[in-house]
Structures are given as C-alpha cells and as structure tokens.
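First to last, the sequence lines map onto chains A and B. Residue numbers 1 to 216, in my numbering, belong to the letters of the first sequence in order. Residue numbers 1001 to 1211, in my numbering, belong to the letters of the second sequence in order.
Treat each hint with caution, since some may be false.
Derived lysine to aspartate or glutamate pairs resembling EDC-like cross-links, with alpha carbons at most 16 Å apart [to be verified]: (1) A:95 with B:1080; (2) A:134 with A:102; (3) A:196 with B:1037; (4) A:95 with B:1075; (5) A:134 with B:1075; (6) A:134 with B:1085; (7) A:196 with B:1038; (8) A:95 with A:142; (9) A:196 with A:49; (10) A:196 with B:1085.
Which bits of chain A does chain B cover? Going by a derived footprint, with three or more residues having C-beta under 8 Å, they are [what the hints assert, rightly or not]: (11) 86–93; (12) 104–114; (13) 166–175.
I should point out that these hints are in silico values taken from the structure, not numbers from a laboratory. Beta carbons are placed, not taken as given, at the ideal position from N, Cα and C, and that holds for glycine.
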Amino acid sequence: MLTSLSDQSLAALDAPVTVDRDTSVVREREKVERESLSDQTVWMLAVRDNRDRVAFGRLFDYFAPRLKGVICRSGMSPSQAEDVVQDVMLTVWRKAAMFDPERAQVSAWIFQIARNRQIDVIRKERRPVPEELKLPEETQEDAAQVLALDQETQKLRAALRRLKPAQREMVEKAYLGELTHSDIRDQTGLPLGTIKSRIRLGLERLRHELKEQGLT
Amino acid sequence: MTGVRHHIPDPLLVAYVSGSLPQAYSLVVATHLSMCDDCRARATAHEAVGGSILESCGTADLSGGLRQRVFDMLDEPVIETPRYERSGIFPAPVMEALGGLPPKWKSLGMGVRQSILSHDEGGSVRLLYIPGGQAVPDHGHNGLELTLVLQGAFRDETGRFGVGDLEVADDDLEHTPVAEDGVACICLAATDAALRFRSLVPRLLQPIFRI
Chain A
1 MLTSLSDQSL AALDAPVTVD RDTSVVRERE KVERESLSDQ TVWMLAVRDN RDRVAFGRLF
61 DYFAPRLKGV ICRSGMSPSQ AEDVVQDVML TVWRKAAMFD PERAQVSAWI FQIARNRQID
121 VIRKERRPVP EELKLPEETQ EDAAQVLALD QETQKLRAAL RRLKPAQREM VEKAYLGELT
181 HSDIRDQTGL PLGTIKSRIR LGLERLRHEL KEQGLT
Chain B
1001 MTGVRHHIPD PLLVAYVSGS LPQAYSLVVA THLSMCDDCR ARATAHEAVG GSILESCGTA
1061 DLSGGLRQRV FDMLDEPVIE TPRYERSGIF PAPVMEALGG LPPKWKSLGM GVRQSILSHD
1121 EGGSVRLLYI PGGQAVPDHG HNGLELTLVL QGAFRDETGR FGVGDLEVAD DDLEHTPVAE
1181 DGVACICLAA TDAALRFRSL VPRLLQPIFR I
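Chain A extracted, bound-state conformation (with noise of 0.2 Å):
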C-alpha cells in the first residue's frame, strides 16, 4: 500500500521522524543546560514549573534561615523576622510562575521579595515598586541566556568574596540598608556591567516577545 503513496506523501510521513530527532538533540541540550545551573535556579523552576513541593522544601532550607538572618540585622526581632520569612517563602509559592531567570537570579528575585515585605511590615504601606512587565503566554526560555545569568552571577559572588572585610562589610551594609543613600557612594568595582548587559538582553527579549504577540 504504501507503494501507491507519491513520494511528498513520503516526505510527509518521514516529517515528524525527523521533527522528533531534532527535539530530542533540543531536549538533550537542555538537559546539558540545565545541570549546569545553580542547584537553587533547577529548584525554582521546578517549583514554578510543576508545582514540586520537594524542590520548594529544598527552596525553604537554603533561604529561609538566610532570609532570617538578615532580617534580624536590620533590628527585626526574631519572631517578626519569622513572620516575615513566612510570607517570603509563601509568595515565592504562590507567585513563582512571575519568577523569570533570564532576567533574574533565584536569590536575586528573593533578596527583592523580602525588601519589599519588610518594608511593608515596618511602614505599615506598600512601598513603591515598578510595573511588573507582562509576561507572554508562552514562556519558552532561552536556555544559554538563563545560563549565562547564572554564570554572571556566580562571577559576582565570586568577586565579592574577594573583597576586603573593610569593603565588604560597606558593601553588605549598603545593601542590607543600612547606610542612608548620601552614604552610598562608589561600589567598589564589583562587575556589574556585564550582568546589566545579561539583564538588558532578556528584558529586550521580553519586549520583543511581548511585541510579537501584540501584548504592549
């Protein structure tokens, strides 16, 4: 029978064969891509991509004793500080599917979460945060680009690390707000231009995308 079938007809039956290989090479790919990121970065996509109450466990045993511990320096007692720990893991839960890691970092996003609840806890009102961008209905991610964001990152950490304790404690404590914003002056070198520009390029695909499917 298949004999009567002209040869585009055979083209057409060989099609999906060859559809199916190249996914695989993608699938295989990405598999690569992914043991290659931060263990923290491959439990947050699971959480966000398939709900995964594990890797959210996992989320919570690395973050929440960190969150806590610099919460409680900027003068929170502990038990507010749990309280607030509390609601960053929930809305790490609950908002995951906005968590974008082409232009942020697992720790990043969280480090911003809690900032935000704290304040809100201490002003007793909503601090002032941008508009969130719309994210596409379909997110397909650029695997190198979230990958070269995690690099970026561990570059950072890396630098940071190599600091002087003088510095670095600066460093810490502009971050951790604890100077006032005339006090914050050079930040000592740390390579932040190549991570803006990793940055800047998933917020161009962002838009792009978002232009494509008619969103802005």
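Here the structure of chain A is known, so what remains is to put chain B in place on it, guided by the hints.
Then chain B, alone, in the frame of chain A:
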C-alpha cells in the same frame, strides 16, 4: 522607553534596592524604573548583589514549627491585593499612589497646579502641572529633590528634561525650571522638606499649600 537621557544615579538606586530610601523618593524611583529599561536592568543588577549577600551572609536558626506552618499554608486561598495599571501618562506606581483616581489638582496661580500624593515627616511627593512656556516658581529646597517628567519637557540651568528624564537636585541647586512651549509639562516631584518658593506664593501661605 527609549530616549531617556537623565537616569537614576547608582547611590540612589542602591538605596532604593536596599529599602533604605524614604517612601516619597521610592515612588519617583519606582516610576522611573517603569519607564526606563536601562535603569530597570541596573536595578536588577543591584538586586543580584543583594541576592549574593543574602546567600553568603550568615544564617539564623528557625523555630521548630516554621517550616511545617509554611507547608500547611501552601494550599490556602490567596487574597490578591489590588493591582494598578498604567493609565495614560501615569505609570502603575503613580496610579497606585492616586488610589486609581485622577489627580485632584489645586491651583498655585499662573496656571501652575499641584496634586499632593503624600506628605509626612519623611518627605512629600506631588504631581506638578506647568503650562507650556511657564516657569515653575523659582525655588530652593532644604534637601534632595527628585523631579521626573511624565509629559512635556522642561529646561533649567542644568539642561533639558523630557519624558522619563529624572532630575536630581540637592540643596545647593537653586533652579528655575521652565516648561517648554506646547503641551503642558507634568512632573512627579519628591522632596524631603518643604520647598521654599521664592516668588509666586508668599512664604506665609506655604503651610496652607503645603509646599
């Protein structure tokens, strides 16, 4: 938005990201970030530093029940806080400060109007409406003043400021912004102390106008 030429200086951006910037200024910074991808990318880069510090700083022991409490709450229904969207020239943070309503303008004379969004000991933030070609009353200020253009443009001794541009003026700057001819200039302005207008409104009236 393209074409923004006056951006948020890094110390101010770090103060915002770290949460140490007072509310009035934070509103102006958040509004600029809504209009300027370049600063949004820079802010996110600073957040990456914050995140790295979060990861590398010490930990504090959690009380026993916290983890289980959080897990127990994962499936609870979420009460959504209202989200505001940009409306016309006003980005979402301004709409939130306005409570979703149009600004309530009050005349300052000579066609200049203002709408105070918040005013407390931490600072004040307002919308200013300046007709095309009109000067903003000559003023000095006691501290930092941030002015963000939402519509039109103005010029002063330091340059030209168009839509999305942010002017950062410290207490040394005595400036006379003049709105460009044409469409009225609408700005979002934050100060940490009462503005001292020199000419338009007699000083005695300043407490009444809260400027």
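Verification of the hints:
1. Between residue 95 of chain A and residue 1080 of chain B the alpha-carbon distance is near 11 Å, which keeps this suggested pair within the 16 Å criterion.
2. For the given pair, residue 134 of chain A sits about 14 Å from residue 102 of chain A by alpha-carbon distance, which is consistent with the 16 Å threshold.
3. The suggested pairing of residue 196 of chain A with residue 1037 of chain B holds, with an alpha-carbon distance near 11 Å, which does not exceed 16 Å.
4. For a cut-off of 16 Å, the pair hint linking residue 95 of chain A to residue 1075 of chain B stands: about 13 Å separates their Cα positions.
5. At most 16 Å may separate the alpha-carbon atoms for a hinted pair to count; residue 134 of chain A and residue 1075 of chain B exceed this at roughly 25 Å.
6. Our distance criterion of 16 Å between C-alpha atoms is met by residue 134 of chain A and residue 1085 of chain B, whose separation comes to about 11 Å.
7. Taking the CA atoms of residue 196 of chain A and residue 1038 of chain B, the gap is near 9 Å; set against the 16 Å cutoff, the hint holds.
8. For the hint pairing residue 95 of chain A with residue 142 of chain A, the CA-to-CA distance comes to about 21 Å; that exceeds 16 Å, so the pair is violated.
9. A distance of roughly 26 Å separates the Cα atoms of residue 196 of chain A and residue 49 of chain A; the hinted pair therefore is violated under the 16 Å criterion.
10. For the proposed pair residue 196 of chain A and residue 1085 of chain B, the alpha carbon gap of about 26 Å is over 16 Å, so the pair is violated.
11. Using a Cβ-Cβ cut-off of 8 Å, 4 residues of the stretch 86–93 of chain A lie near chain B, which meets the minimum of three, so the contact claim holds.
12. Beta-carbon proximity to chain B at under 8 Å applies to 10 residues in the stretch 104–114 of chain A; the threshold of 3 is reached and the given coverage holds.
13. For the stretch 166–175 of chain A, the stated coverage by chain B is satisfied: 4 residues place a CB nearer than 8 Å to a CB of that chain, which reaches the threshold of 3.
The structure fails to meet hints 5, 8, 9 and 10 from the earlier list, while all remaining hints are met.
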